[in-house]
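Trainee: Letter by letter, the chains look like this.
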Amino acid sequence: MINIIGKRKIYYTISIIFIAVSVIALLLWGLEFGIDFKGGSILEVSYPNNRPETEKIAESLKFLNLSDLRISSVGGNGVNFRFKETDESTHQEIIKILNMDGVEERRFSSIGPTVGVELQQKSIKAIIIVLLGISLYIAWAFRKISHPLSSWRYGVATLAALFHDLIIPIGLFSILGHYYGVEIGTNFIVALLVTLGFSVHDTIVVFDRIRENLKRYESLDFVSLVNQSVNETIIRSISTSFTVLLTLLALFIFGGGELKYFILALMVGIFSGTYSSIFIASPILVSWSKMLNKS
Amino acid sequence: MSSNYSPDKIFKLDAVKKTRIIVSAIFFIAIIAAFFIYPLAWDKVISKVNVISPVALPNFVKVPFKLGLDLAGGTRLVYLADVSNIAGQDSESAMSGLRDVIERRVNFFGVSEPVIEVEHSGSDWRLIVELAGIKDISQAIALIGETPFLEFKEQRDDAETQQILKEQKAGNENYLMQDPYFKATNLSGKYIKSAKVEFNQTTYQPEVSVQFDAEGAKMFEELTTRNVGKMIGIYLDGFQRSSPVVREPISGGSAVISGKFNIDEAKKLVEALNAGALPVPIKLISQDSVGASLGQDSLNKSITAGLIGFLTVVIFMIAFYRFPGVVAVVALVIYSVLVLALFKLVPVTLTLAGVAGFILSIGMAVDANILIFERMKEEFRVGKGLGSAINDGFARAWPSIRDSNISTLITTAVLYYFTTSVVKGFALTLSIGVVVSMFSAIFVTRSFLKFLPVNSLEKRPWLMGVKHSKQYD
Numbered sequence: 003m004i005n006i007i008g009k010r011k012i013y014y015t016i017s018i019i020f021i022a023v024s025v026i027a028l029l030l031w032g033l034e035f036g037i038d039f040k041g042g043s044i045l046e047v048s049y050p051n052n053r054p055e056t057e058k059i060a061e062s063l064k065f066l067n068l069s070d071l072r073i074s075s076v077g078g079n080g081v082n083f084r085f086k087e088t089d090e091s092t093h094q095e096i097i098k099i100l101n102m103d104g105v106e107e108r109r110f111s112s113i114g115p116t117v118g119v120e121l122q123q124k125s126i127k128a129i130i131i132v133l134l135g136i137s138l139y140i141a142w143a144f145r146k147i148s149h150p151l152s153s154w155r156y157g158v159a160t161l162a163a164l165f166h167d168l169i170i171p172i173g174l175f176s177i178l179g180h181y182y183g184v185e186i187g188t189n190f191i192v193a194l195l196v197t198l199g200f201s202v203h204d205t206i207v208v209f210d211r212i213r214e215n216l217k218r219y220e221s222l223d224f225v226s227l228v229n230q231s232v233n234e235t236i237i238r239s240i241s242t243s244f245t246v247l248l249t250l251l252a253l254f255i256f257g258g259g260e261l262k263y264f265i266l267a268l269m270v271g272i273f274s275g276t277y278s279s280i281f282i283a284s285p286i287l288v289s290w291s292k293m294l295n296k297s
Numbered sequence: 021m022s023s024n025y026s027p028d029k030i031f032k033l034d035a036v037k038k039t040r041i042i043v044s045a046i047f048f049i050a051i052i053a054a055f056f057i058y059p060l061a062w063d064k065v066i067s068k069v070n071v072i073s074p075v076a077l078p079n080f081v082k083v084p085f086k087l088g089l090d091l092a093g094g095t096r097l098v099y100l101a102d103v104s105n106i107a108g109q110d111s112e113s114a115m116s117g118l119r120d121v122i123e124r125r126v127n128f129f130g131v132s133e134p135v136i137e138v139e140h141s142g143s144d145w146r147l148i149v150e151l152a153g154i155k156d157i158s159q160a161i162a163l164i165g166e167t168p169f170l171e172f173k174e175q176r177d178d179a180e181t182q183q184i185l186k187e188q189k190a191g192n193e194n195y196l197m198q199d200p201y202f203k204a205t206n207l208s209g210k211y212i213k214s215a216k217v218e219f220n221q222t223t224y225q226p227e228v229s230v231q232f233d234a235e236g237a238k239m240f241e242e243l244t245t246r247n248v249g250k251m252i253g254i255y256l257d258g259f260q261r262s263s264p265v266v267r268e269p270i271s272g273g274s275a276v277i278s279g280k281f282n283i284d285e286a287k288k289l290v291e292a293l294n295a296g297a298l299p300v301p302i303k304l305i306s307q308d309s310v311g312a313s314l315g316q317d318s319l320n321k322s323i324t325a326g327l328i329g330f331l332t333v334v335i336f337m338i339a340f341y342r343f344p345g346v347v348a349v350v351a352l353v354i355y356s357v358l359v360l361a362l363f364k365l366v367p368v369t370l371t372l373a374g375v376a377g378f379i380l381s382i383g384m385a386v387d388a389n390i391l392i393f394e395r396m397k398e399e400f401r402v403g404k405g406l407g408s409a410i411n412d413g414f415a416r417a418w419p420s421i422r423d424s425n426i427s428t429l430i431t432t433a434v435l436y437y438f439t440t441s442v443v444k445g446f447a448l449t450l451s452i453g454v455v456v457s458m459f460s461a462i463f464v465t466r467s468f469l470k471f472l473p474v475n476s477l478e479k480r481p482w483l484m485g486v487k488h489s490k491q492y493d
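Chains as they are written, first to last, in my numbering: chain A, 3 to 297; chain B, 21 to 493.
Since the hints were made in silico from the structure, they are not lab data.
Certain hints may be false.
Pairs of lysine to any residue, SDA-like flavour, derived with a Cα cap of 20 Å [as the list claims (entries may be wrong)]:
| hint | chain 1 | residue 1 | chain 2 | residue 2 |
| --- | --- | --- | --- | --- |
| 1 | B | 287 | B | 184 |
| 2 | B | 321 | A | 80 |
| 3 | A | 127 | B | 440 |
| 4 | A | 124 | B | 137 |
| 5 | B | 321 | A | 256 |
| 6 | A | 40 | B | 137 |
Remember, it's a predicted structure, so these values are computed and weren't measured experimentally.
Start from the sequences and build out the full structure, keeping to the hints where you can.
Mentor: In structure tokens, the structure reads:
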């Protein structure tokens, strides 16, 4: 049996380092929002043969005075344009010019800033409600447990683990955003929520085992009992996460470029979720019961 | 010490006979579902059978998957409605009027199942229009946003009409979209000052009389002078409503649109015309358009990714769990077939995020199986016979499967109610997946496990992925 609970301080330290890095990155650089969160336009076209130099394209669009225009190439013959949100007639002007090279318009989005800000607020609201909903559900699902910790503390321990799983991918994307301009949009929020879903699965499986063992071994002290429960479920946690990570890796390698960062966020989140359910959620229960014993 | 919620108690499925019935039913449903997903397979078989069969068997019903904008190509338009001139409580009815008008215009485009929704957010009223599979997005935007949609057209002369009819018959594409009898004029709803419902003195039918503004009155006079003895076509949202014959030039700027409407329709038309055709002015604040080819690319990529993801799961499950792994794979295939059939049946609009939700739900379905097998192995390892190891393993795994899936359902419910349509698609597919995966854990995996050849497996523990089984009881 691996002594996970006894060495919990090491695992806490690892997590605290990651959380600290994430928080610092977030405070220093914030997040790079995509157009669905801050408004703006994105246009993707593909050229029939060879795409012209980006400078040349920029030159041909100069008279339209698109603000914050950034042009980048995608894939074989694709070109990506980003600029401030614009009206339909400007969009048509751009297409008219690009059409002289016979381009095909693959995607155009233009999102007003108010819609973007609203989506930000909605996303934050959704995450908070999910966190609270899950924690309350756990407090309720484990309501029959009262000794040595009452069930609401299981809810709080879950909340702590979930917070851990949110902050680490957010920190990573803050760093990616700063150094590589990786933007976060609706997909990122979806990834965070899925992460929460998986993480809570793992946590529930461990807690469920604690619940069962509490009934089975009444004489065992809480520290050994939790340690045994974690050990009994660790193979399941790892094989489930491993399966999901395999699936995600397949998506990451073979899926479209559009979803690459969505998948990355998921992989990091699910990895962190597995870690937190084994090394954070249950150890917190033990630390808490020790604290209560002392006072 | 099994839980109070053990499905044994809920469904009372102890007897071997019942298991046998359930397993056959599962396979039967799965096969029907598979044909529902891929009806061509059925048709192929049937075409061969029909050669020798005395009764001709019908082809399988064909229902297509409903694809969202990002997979089928199309556009999502968000309009902000300016309701500042409308008193508070009337905003809602004005918006529903707007919805109707826009719906009429969109239908004119022949888009299948357009989605048109009114959204109230803070003090803003918005109209969301989703058009899937549309080719000419810019034309659609122009059509939706256009203010006056009442048009007056004049008759073409005979030579022109014959010419167009001839070309259309010959299939000349330049002429196909042209109306052979009427041609456009500059006079439109834009020049209308007011409109009201009247009743015809002789027929008692409702009519709509319109009063043009000064400029419109002049144009109308010119139009009628030019067309004495001919018809004038009056078109609303692209459809001809009436085509009165001009007897004499009309000055003073009033016209009557008669025929083919009941009193309600006449009233609606009047309201629409008075408000400048659209009940409230709208402004396009965001659009999200995906070309058909990009949609197709994304679709192909996600299908490939899904298949590869599925295969990796299959390989992992069999390598790690051996014989029960094979059982799990069969259960997963059935699970996937059922979920996909439900997507068609409901129908669920599949988007990229929705496909991601489905693939993740496969992960969660695998998890349920892994939980059961780990528990089973554990019970087996401590020396229980395989039969009771299966029963106990399932009973003990169940509470955690139930609790974790319910927490996922909480997440998806929140996602469904609090966020955008992209996320909604994801939430819907994931929640359907989770519900079906619980069903699959209870019925499919469990019934299959009861069918395992217990005796021969006990003699070959490596098939169970367990190294040492100490004793049998």
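Trainee: Next step is simple, just say for each hint if it's right about the structure.
Mentor: Hint check:
Taking the CA atoms of residue 287/B and residue 184/B, the gap is about 36 Å. The hint is violated against a cut of 20 Å. Between residue 321/B and residue 80/A the alpha-carbon distance is near 17 Å, which keeps this suggested pair within the 20 Å criterion. About 13 Å separates the Cα atoms of residue 127/A and residue 440/B, which keeps this hinted pair within 20 Å; it holds. The suggested pairing of residue 124/A with residue 137/B holds, with an alpha-carbon distance near 18 Å, which does not exceed 20 Å.
Using a Cα cut-off of 20 Å, the hinted pair residue 321/B and residue 256/A holds, with the two alpha carbons roughly 7 Å apart. Only pairs whose Cα atoms come within 20 Å are accepted, and residue 40/A paired with residue 137/B is rejected, the gap being roughly 23 Å.
Checked against the numbered hints listed earlier, the structure breaks hints 1, 6; every other hint is satisfied.
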